[in-house]
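Peer 1: Position chains B, C and D against the provided structure of chain A, taking the given hints into account.
Residue numbers (this note's numbering), protein chains in the order written: chain A, 1 to 499; chain B, 1 to 499; chain C, 1 to 169; chain D, 1 to 169.
Don't read these hints as lab results, they were simulated from the structure. Backbone N, C-alpha and C fix where the C-beta goes; we use that ideal spot for every residue, glycine too. Be aware that one or more of the hints could be misleading.
[Said to hold, decoys possible] Only pairs whose alpha carbons sit at most 30 Å apart, straight line, appear in this in silico DSBU-like list of lysine-lysine:
#: 1; chain 1: C; residue 1: K31; chain 2: B; residue 2: K161
#: 2; chain 1: D; residue 1: K135; chain 2: B; residue 2: K60
#: 3; chain 1: B; residue 1: K60; chain 2: A; residue 2: K469
#: 4; chain 1: D; residue 1: K135; chain 2: B; residue 2: K67
#: 5; chain 1: A; residue 1: K161; chain 2: A; residue 2: K111
#: 6; chain 1: A; residue 1: K177; chain 2: D; residue 2: K135
#: 7; chain 1: B; residue 1: K399; chain 2: C; residue 2: K135
#: 8; chain 1: B; residue 1: K168; chain 2: B; residue 2: K89
#: 9; chain 1: B; residue 1: K161; chain 2: A; residue 2: K319
[Said to hold, decoys possible] For each label pair, taking beta carbons as the anchor points, the in silico distance ranges come out as:
#: 10; chain 1: C; residue 1: L16; chain 2: B; residue 2: D425; range: 40 to 48 Å
#: 11; chain 1: C; residue 1: N158; chain 2: B; residue 2: K177; range: 34 to 42 Å
#: 12; chain 1: B; residue 1: C68; chain 2: A; residue 2: Q314; range: 57 to 65 Å
#: 13; chain 1: C; residue 1: N158; chain 2: B; residue 2: C68; range: 23 to 31 Å
#: 14; chain 1: B; residue 1: D425; chain 2: D; residue 2: N50; range: 55 to 63 Å
#: 15; chain 1: A; residue 1: D29; chain 2: C; residue 2: D9; range: 50 to 58 Å
#: 16; chain 1: A; residue 1: G20; chain 2: D; residue 2: D62; range: 33 to 41 Å
#: 17; chain 1: D; residue 1: D62; chain 2: B; residue 2: C68; range: 37 to 45 Å
[Stated by the list, open to error] Some chain B residues judged to face chain C by a derived CB distance under 8 Å, without partners named:
#: 18; residue: G94
#: 19; residue: A136
#: 20; residue: G300
#: 21; residue: F318
#: 22; residue: S346
#: 23; residue: Y377
#: 24; residue: S445
#: 25; residue: R449
#: 26; residue: F454
#: 27; residue: E455
#: 28; residue: D456
#: 29; residue: I460
#: 30; residue: I467
The chain contents come next:
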Amino acid sequence: MIANRGEIAVRVIRSCREMGILSVAVYSDSDRRAKHVRYADEAYHIGPSPSRESYLNGDKIIETALKCGADAIHPGYGFLSENAEFARKCLAAGLIFIGPDPKAITTMGDKITARQTMIAAGVPVVPGTQQKVVDADAVRKIVGEIGLPIIIKASAGGGGKGMRLVRKESDLISALKMAQSEALSSFGDDTVYIEKYVEHPHHIEFQILADKFGNTVHLFERECSIQRRHQKMIEETPSPFITPELRQQMGEAAVKAAQAVNYFGAGTIEFLVDANRNFYFLEMNTRLQVEHPITERVTGIDLVKEQIRVASNQPLSFKQEEVFQHGHAIECRVSAEDPFNGFMPSPGLIRHISEPNGLGIRTDGYVYEGYEIPIYYDPMITKLISWGRTREEAITRMKRALYEYKITGVKTSIRFLERIMDNDDFRNGIYNTHFIDEHMDELMSEAPRGGQIFEDMAVIATYFDYITKMEKVAMSDFTVTQSCDNWKTYGLKKNLQRI
Amino acid sequence: MIANRGEIAVRVIRSCREMGILSVAVYSDSDRRAKHVRYADEAYHIGPSPSRESYLNGDKIIETALKCGADAIHPGYGFLSENAEFARKCLAAGLIFIGPDPKAITTMGDKITARQTMIAAGVPVVPGTQQKVVDADAVRKIVGEIGLPIIIKASAGGGGKGMRLVRKESDLISALKMAQSEALSSFGDDTVYIEKYVEHPHHIEFQILADKFGNTVHLFERECSIQRRHQKMIEETPSPFITPELRQQMGEAAVKAAQAVNYFGAGTIEFLVDANRNFYFLEMNTRLQVEHPITERVTGIDLVKEQIRVASNQPLSFKQEEVFQHGHAIECRVSAEDPFNGFMPSPGLIRHISEPNGLGIRTDGYVYEGYEIPIYYDPMITKLISWGRTREEAITRMKRALYEYKITGVKTSIRFLERIMDNDDFRNGIYNTHFIDEHMDELMSEAPRGGQIFEDMAVIATYFDYITKMEKVAMSDFTVTQSCDNWKTYGLKKNLQRI
Amino acid sequence: MGYEVRIGDRLASVKLIKRDGQYATIEVDGKQYDIDIAMVENGVYSILHNGRSFNIEIIPGDGPKNYFVNSYVNSHEVEIIDAQSRYMMSRKSADDHSADRIISTPMPGRVVKIPVTEGEPVAKGATVITISAMKMESEYKSPIDGIVKKIHVSEGDNINANQPLIEIE
Amino acid sequence: MGYEVRIGDRLASVKLIKRDGQYATIEVDGKQYDIDIAMVENGVYSILHNGRSFNIEIIPGDGPKNYFVNSYVNSHEVEIIDAQSRYMMSRKSADDHSADRIISTPMPGRVVKIPVTEGEPVAKGATVITISAMKMESEYKSPIDGIVKKIHVSEGDNINANQPLIEIE
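Isolated chain A (complex conformation):
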């Protein structure tokens, strides 16, 4: 059973199908027509549309799994995937949870505990506190040691909530108070800690995979610095920033980090890397990542299949020295949003899709023509993955694929992604997590591309479409108005104009 929706549910079902495993989907009210429901072998309704009443309702999901005789639950990403309580309940109900031991989730979920564990394991962490910080004195003491700027973070947190950047000493106390109160209201826990703020960092993560027999390998890095408001937009592997030596050091650190919590299954160690290529453990994601396909593409390993094998007590089928990076892969996340209007979400009916295809192109999506994207969930609708022998080939191929990709009915980020591919700094591999902010003007530029002729052709096609339909209406006027009243003719006219 896949306790998720959208592209990741479809993704997991695909691997199940290839392994000969029957798949079960669950769905909320607004997902009756969703692709994962259609594509799975079985599908069960679990509640109303809002996530907390359906995809976050662990008890209902477990009850449904037991009723239909499912053996295991794959949580995907998001929703209940990093909820240790849910994992524990699955195990208690006799279900296999396709993920790590709940203890590992708990340890990595509490950021202070995770920092302590990493320090003990010898994995570098960002300089800062090892303990929670309660009062002004503690803050001043740590700032005395590591200097400004710092970030105050919620221990139970994630995704930017309860986080405060402090650059001036005079802001310290108010920032501490605000972080504590935000942490309390967001997570029900006011525990905060302090980290040195790393300027212009790279966000680079390592995929790890471990079985239950003590074998832990890493599948190299993913460069995830192209972000907007802490949301990743484009990822690539290998990273154009890190060196082979650094790759090896970070890979070893990632394996050590996973071993420190007796991790099994697929997981990701996120690092910050500063401009001098010093790297620091940031956090561990104890689940599959959105961007896992780029790792699959360069290593050839199907991560979902490996997750399922590990969960069914099989050893890893390969060793660290048998894993290589072949070529270069890039992922673009395509969302239903209007990048040129404040990234406003754009749910609604999909009218038409043409998907890119051919050599080196993969898409992982879940929308189809006639599908209505609900308002309740994440705006990401599809992921486009390109591969090339070199980074340059992967970029030109991605551009070609973005050009071929047409989704109409809703606004999407495709045009914005194309502009990033055209950006010189991106093409040269010179970027960090501030890339989008720093290039916003250029990326947002409304300058027409392709010249006046494209605009004139748009005018001509619209005009031609309009007069052609007008002609049809005129013809139907002639045959219909004789016996039907004018009001009906008007209705017909309106309809024809809409066809």
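Peer 2: Here is chains B, C and D on its own, set in the frame of chain A:
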């Protein structure tokens, strides 16, 4: 300019686009709406629908290329791709022909000359004559040397025409006469030759790539034994039949064969391999093959880009020892035909397409929703390529993708291909060129799959669709019949039933 | 509302027992199915039955009540049989003899060759027309010993599927 | 047949000079284009002009003469201006003042919070409604110092794009 149509034209344009090269399409009357016309930067009409008046009209194509200022012509496969005369005319007109020197096309196009050249180069050929065979005495002499069965083949031939298999001595003379007369009527040349008939052969070909500076490499083999009436249906690489030693020997022979005609560009050496793993040169295709994507998938090399680089006098960007086979790739050719009704062609309007996607899947096609497949050209509409770390994974992935692939409006070979993937002998890699003939009963079996419930659901959906539309008609009766006459209501009814 | 539905060689009797929006109970040959049915794309239905997920695509066929229907594992030709169809069927079977003598093709194509002329006698099995489609030529033969009554097309013409080409009597 | 066509901020004058099936001559702002135009998919036109291949997709917009139009490189909002539209535009600009005071959203969503009640005075820039769509909350503010005249929705309601939510006067 791409002097072709269909999926290969789209395929070539994709690589042009990635290289920043503007592409020009040509089209016949019935191809105005074809995808290659829509996808290219420019498109020019070259004549009526029948191939010989458009895609085979070399003079018109060259004239069009000169008029629009094209630099080079890519001939794709089929049509003019192995026409030495056309290649010569391109060069004479100052156009780059993206293919080998016309002399190499001529040498390899005449089968007797090709055999002689290979023998001189030390490449094994099927035992038989080195010269043309004119009379009964010559036939008896060669049969005395190599024994029966033999095949009489047209020197100018290809694709099975002018070919006669002889198993009994008493049939020799009549077969010779028939082969000669068929050769004369098909190719305007009655020259024939004789080869020993290889029983239960494998058809295995090697991709080669050579630049104009004497560098020739092979990109390993493709196993093409799954054929129906000498038409390949499924190809895979690596071949499950050949050993690493044989692969190396055949690869070296393929390179020698190409060097013997000073070949440059992409080409394919076809071999027959008998049950004892003896291999014999069969012929050389001096162009890109339909099945080139499986080689691209396991080696990572974009063959169209390499063709263009070689044609623009660049050296190969890699050496033989830098090319590896990563994993396993399979291609299924999907045709608009009815496999369960004598493989009758099925041109017509495409109503709906759902293409497979996700990890390890590539499609190369050219049809789209609303496109009408013309009656004039080849029935192949798309190629589905799967990749896996192992052969087994590539097969299960192909099955998953065939399951996802829906094309409606025309009949296709998808269901037939699925059955081949399910066949035990295919799954075990035990097959030769007789596979389809020998398994026809099983592959054609009309036994329903999935059980009665699928059939009942088909009944239910059709019934539900029908009564729902009837209800709509009944409702419109109520509102419309008041003021419009019955004839119109009937028309409306009919329309609604058709929606 | 009860109908007979022909699917391949089977004639199934179908009845709507009850319906409430997307939920319906439908009986097929006496077996009741409680289903949740939704049109998800133009002509594609998603059906959930006891949790199992089915996808059925319905494509209009040649006649007004004929359909090609694809489940994800099979393709079927399906026909709705109502009073009108029954009447047409009875007429057709009376006419059957003559209907058989009209030569047509299941696919569109182009007329390559018509080796007969109107009024000419033809033997059963003799080729009366050759059609080319997608590089493949097919010969169509006379089903009876008879006379070429009418030729509707000429060499070089493009033809549609199921279009009457030649009548033999 | 001449029309004005608004594309983004530009008002183009368009005229059909002649037409013969798929071949047409169309003038845009005085520039003549000889084109070969074919509808290839529902709403998608292929245009060939001097050999160049263009693909233009036309999607109906909110009004009967409004469209979203995609060329392969840009997206445009396009409107056909005929006599009726000109009349509507002149009316609209007269009404403009009041139209501005109706709060609506460009996308569908769900009402999270309405911190005001009918009859309550609001300051310019004060939040009057919070809408959630796809995990993102947006606050909509009063454009004027005024009074909440009418609230059309309640907290928890699902709303459509461009639906009137709150009127301020």
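Peer 1: Can you give the numbers of the hints that this structure goes against, from lowest to highest?
Peer 2: 1, 2, 3, 4, 8, 9, 15, 16, 18, 19, 20, 21 and 24
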